[in-house]
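S.K.: For reference, the chains in residue letters:
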Amino acid sequence: MNPRPFWSRRELLTRSACGLGAAALSDLLKDESARSGERPQPAVLDPLAPRPPHFAPTAKRVIFLFMSGGPSHLDLFDPKPELNRLHGESVPGSFLKSLADPVIKGNARCFGSPRKFTRHGASGMEFSDFLPALGACADDLCMIRSMHTTSSNHDPGQLLLQCGTPLFGHPCIGSWVTYGLGSETRELPSFAVLLSNSGEGIDAGTALWSNGFLPSNYRGVTFRGQGEPILHLTNPRGMGRVEQRARLDALRQMNAERLAATGDAEIEARIEAYELAYRMQMAAPELVDLSHETAATRQRYGLDHDRTRAFGMNCLLARRMVERGVRFVQLYHSTWDDHADLNGHLAKNTGMTDLPAAGLIRDLKDRGLLDETLVIWGGEFGRTPMHEIRRGTTPGKEGRDHHPFGFTMLLAGGGIRGGYVLGRTDDLGYHAIEDRVHVHDLQATILHCLGLDHTRLTYRHQGRDFRLTDVGGSVVTKILREGGVAKRPPSAA
Amino acid sequence: MNHPARIAVLAIASLVHLNANLASVPGGRMAVAAEPPGAELFSREVAPLLTRRCLACHGGDAAHRNAAHRQENGGFRLDTRERLVAGGDSGPAIVPGEADRSPLLRRVMSDVDASERMPPEGPRLTAREVDVLRNWIHGGAAWPAEMSLKSPRAAAATHWAFQPIRKPPIPEVRSTANARSPIDLFVLAPLERLGISPAPPADPATLLRRVSLDLIGLPPALEDLATQADALRQDALRIDTNRWIANSWDVGPDAYDRAVDRLLALPAYGERWARPWLDVSHFADTDGYLTDQERPVAWRYRQSLLGSLNADLPFDQFTVEQLAGDLLPSATPEQRLAAGFLRNTLSNREGGADLEEYRVEQVVDRAAMVGAGWLGLTVGCARCHDHKYDPLTQREFFGFYAVFDAADEINLDVPLPGEAEPFAVAYADYRRQRDALVAPLKTELEALQVRWERRLLEAVAAPSEDPKWDRQWEVLGLIWGGRLGEGQLEGCEIVRTPWPERTDDERDRLQDYFLAHGSLIDPGRFRDLKLDALRQELTKLRGKVPWPTRAPTMRAARHPRRSHVHLRGDFRVPGEPVVPAVPHWLVPRPLPADGSARLAFAQWLVAPDQPLTARVVVNRAWQEFFGRGLVDTPEDFGLQGHPPSHPELLDWLAAEWPRHGWSVKWLHRAIVSSATYRQSSRIVDPTVATRDPRNAWLARQMPLRLSSDQVRDAALVASGLLVRHIGGPSVFPPQPASVAKEGFSNDWKPSAGADRYRRGLYTWMQRLSPYAHNVTFDAPPTNAVCVRRERTNSPLQALALLNDPVFDEAARALAERLLARGPASESQRIEFLMRSAVARPPTAAEARILAGFWRTLWDRRIAESKVSGLGDLEAQRAAELAAWTGVCGVVLNLHEFVTRE
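Quick note, the sequences are listed as chains A and B, same order.
Per the numbering used here, the first sequence runs over residues 389 to 881.
Per the numbering used here, the second sequence runs over residues -5 to 895.
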């Protein structure tokens, strides 16, 4: 009946020195709490420890190629002969009713796409001539032509797609996934963010990879294109690898002394955090070192051409990350916000991204990774079938405005049906009219592929259980691969 | 394990649920023995679950709400066992003893069809919750006799937080040896019942570091005599801290109390306590949203807050000024500035943004701030529908909304010291010259502008007639005062104001805007009159005037709006009209129907009979001193919130505080003077720690990781780099350029000189790409009210402390300070470092570790310098500095350094 004696200093020092981390300690406490019938101490549970999904997943990780700004579905994925026929004419009134933007209303004219569309692969999926490389992956891609969203401004639209709400301060999908499943890697962050190297920032900024109200352990870690890949990864001047190890050893011993003196289990977690930081210092440079990639791989990602290099590097990094256990890679390219000179800009953006994005899918496939890696390509909304009237009215330099009512996204791998087109928009490409997929439905589906029930992945904040899909979202079962479809969640886990 | 104590634990755990959810059971009564078997499961698990997830629709008072309700709830109520068993339109809901035949169970399971599933909204019941129901039905569905569950509205009538605050009697305890104040008796009484002894007092060094960090946000600075003389000349504030530390070494019975008094009197006190309040107001230096433009005068609100906190403005007066200072009779400039609290909402200036949509967001945000900050209610939940768990209806939410809907954003000229006089002189000249410049064109210019304004107003009245003019109006609302932090809709409001009612300043500014953006009305005339040339001349003239610094505040709406309920929370779908109002079930009070409602509302918040404000604010103060509030859901004192761990203590403080004139310093002093606060944070008895992992019983203090500000401030103090200039505009400490680039066209130009070393409070807050250090150390997002910060522990924090140039610089500065003290033994130096960083000497083992590390670095440096061929003395100096910098780096990375024990 005596209380269990407190750990001896020797015991603690040994445990720490062996690198036994918070996980071990939490196990210890769990055993103890099981005996005493009390709950384990939450403070020392590793927030990044791997956790089982709700049901068997079809995807273990996600690479989200976020095409910020709103790529034009009409010039890339969704051919509209009727729109071409109406080119230059007023928009039929029936299409304008639901248009909120007063700028378009009234004097807008239909703007047919000058692009040529071709069928690709066994599935015959159509792509415009701007996307030959992605077209060649058609049979691995699922094209959703019936996406719709609720915001026609950039940052609310981007936030909705990433965080499930147009408001700031909510966790993004990568954070939700990390919160739900923990981390597979003990050397790298589980949720990585790769920013566009196009020199243009992302509209909604860091809010897009923010942990919001979740603990900051679940925040996306930005990998930088230049300089050190992770903020403050490099030791101060004069601190070489040997000194660094000696510094961490001294620090660990000092912290262990305090742990022995105070018994504060948080110190154990801090010791472990420093060890993980050290492993990141070792692993991250190796991750970003592309020198051992073959010439064929470099070519596949377009690393040898100025135009494709920046995006290609990020795509290749994304592959190297998922190979090393990173669960969620968020990759941004900006900007597809083509209010003017749509064709010129599309040529530039597709020129930068088409080859590397396709290279990523093929490379994943060749390495046997595509089956369990879900790749997503798309932006916050599409673009209007009418031309923009604020800017971009110069003939030959027309643009399109933001358009939330119907647009296209691509998915591949991770349990998604390849060579499959879901849904359609009306004859102008205006409204999604068949198999409509709201952003929340897409999010529910992504979570589903990862083995997570979007209605059960919740976090209590300000008196309410929040979730990524707010109060909406249904899994789009039609795009799930047959046989690869996850079982219905069991009633009691 | 001690058996009786275990039972007590269970009882308390049960009471927690009962108090929270079962208003019909008087708190403290746990008469399970007389009840049927399974009744305990019912009380502890089932009743809270049914109340939380079912009663909003299937409760006793739901029937009267509307006629459609019967259709919505299927005529089914489950507030009594009889009704539950009897079921509704579709038959019995449960069959006691036969879980598998109970429809209720089937419909809450996760795999049921969406059309049938219950509850229809919100998350599914968890597998555990379903199991609870299954076991309970299986066991016969026991239900204590005569008990009925109550819906939020009915439960609110007895909910603890909505009851008047009555000062409870101070409890009797067997031993008062451990008590210093009534607070302690409230804490000791339950501990005695549990058979637990409080922790011993913290040792003086720990206690002094703790109270210093808690009251002024800075660790005690350790200065030796040599630098003290120097410091005396430089900075009186730092000396004050030093003297206090020096005094604390000579122990007297009241040394601690005197130390507390000195800390409370320091200006640094306001700096420390500004931060949690800025979290409530979600202050930042930028607009937010896509363009995230700067607000160069946002800091003036922070400055006024510092003044109020340091002057210990009574909290009732403070409340009135924060929310309605501008409406006070003959309001002073300071009072007007205080209402800048409401100006920390976001502004959307992105092209295409709907002006009304984002104005509405601001108003909703203001209501939510007041909800969380004063009332401890999640009022935002009632924006779209009646609150699910609390009695707040959607209509009542819009009563709050209407209070803030009747206000406009405005900036005022509030001259800083020294600005007023030169301005007055220059302005007379300006006025004369401006009028002279405009005079030749005055008639035609004004005629054009009148036409332009008329056209704008027509566009507002009948949108979509001409998109160009819709756009012209929209642009006025988007760019007015952009990058100046002005109220973005002020321009629109001036256009709506008849000419004679406009001030000179308003006329000038609108004229300037018209000249720059109004040519659409008649481009030809604009050219002919050479209005662009006039605009340039006026701009030049404007540039010569030393304008006083502006400051953000609010004013009563110039053009009263008709406020409505927004159906489903959508501002485009107006429901019934609403006027400013407070919920009648709380403390009824009529509010005026005009723009002065805000003042009456603020006064209501601190009215003696309003039970929430004092409890909520006392609780947040407690949270700052213990890491956890007496109510550990500080944002939610409603039916879903957790009940207080020490209800009588909370009420005693909430009752005493207004009696002490709402003095915040009184409250802080009362808390830090208690023995409960002064306890050690060490775990004395591991079994207690296991039973009470979150330390709700307060049998010890809690070690707390420092906040993002404090981590950096502490490094600057230890290294002697901190620049103690109080107040002023925000500063840009260095950080990698790539951080700001993450947002849309943001830039971060590091400040030069002293501004690199200011307290974290003054760091520029960019909403979209926040200062990286703050994000790493859990500063909350600046989009919405925050009343509780997270404290995480991550490898990114480790990388920052190890390698962020800010901390590297601090380590080097500390090493230089150390070496500047002259020759000393290694152990003396190590002691100095430890005292500087953690306010205590090292243990022998710690000293050995640091010395060993120093030796490693030194040896490597010396070896390297032999290779590089540096002269002996020079090499030694360099090696010494490098080695000590390394040791300082370790000390500044200690867990203990970033922790207040």
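Be careful, since some hints might not be right.
Said to hold, decoys possible - Below are the DMTMM-like pairs computed for lysine to aspartate or glutamate, each with C-alpha atoms no more than 20 angstroms apart in a straight line:
{"id": "1", "chain 1": "B", "residue 1": "K659", "chain 2": "B", "residue 2": "D686"}
{"id": "2", "chain 1": "A", "residue 1": "K866", "chain 2": "B", "residue 2": "D105"}
{"id": "3", "chain 1": "A", "residue 1": "K866", "chain 2": "B", "residue 2": "D107"}
Just so you know, the hints here were simulated from the structure itself, not pulled from any lab data.
S.K.: It remains to establish, for every hint, whether it holds in the given structure.
M.R.: Hint check:
1. B/K659 / B/D686: Judged against 20 angstroms, a Cα distance of about 30 angstroms means the pair is violated.
2. A/K866 / B/D105: Holds, at roughly 18 angstroms.
3. A/K866 / B/D107: 18 angstroms, holds
In this structure, only the earlier hint numbered 1 is contradicted, and the remaining ones agree with it.
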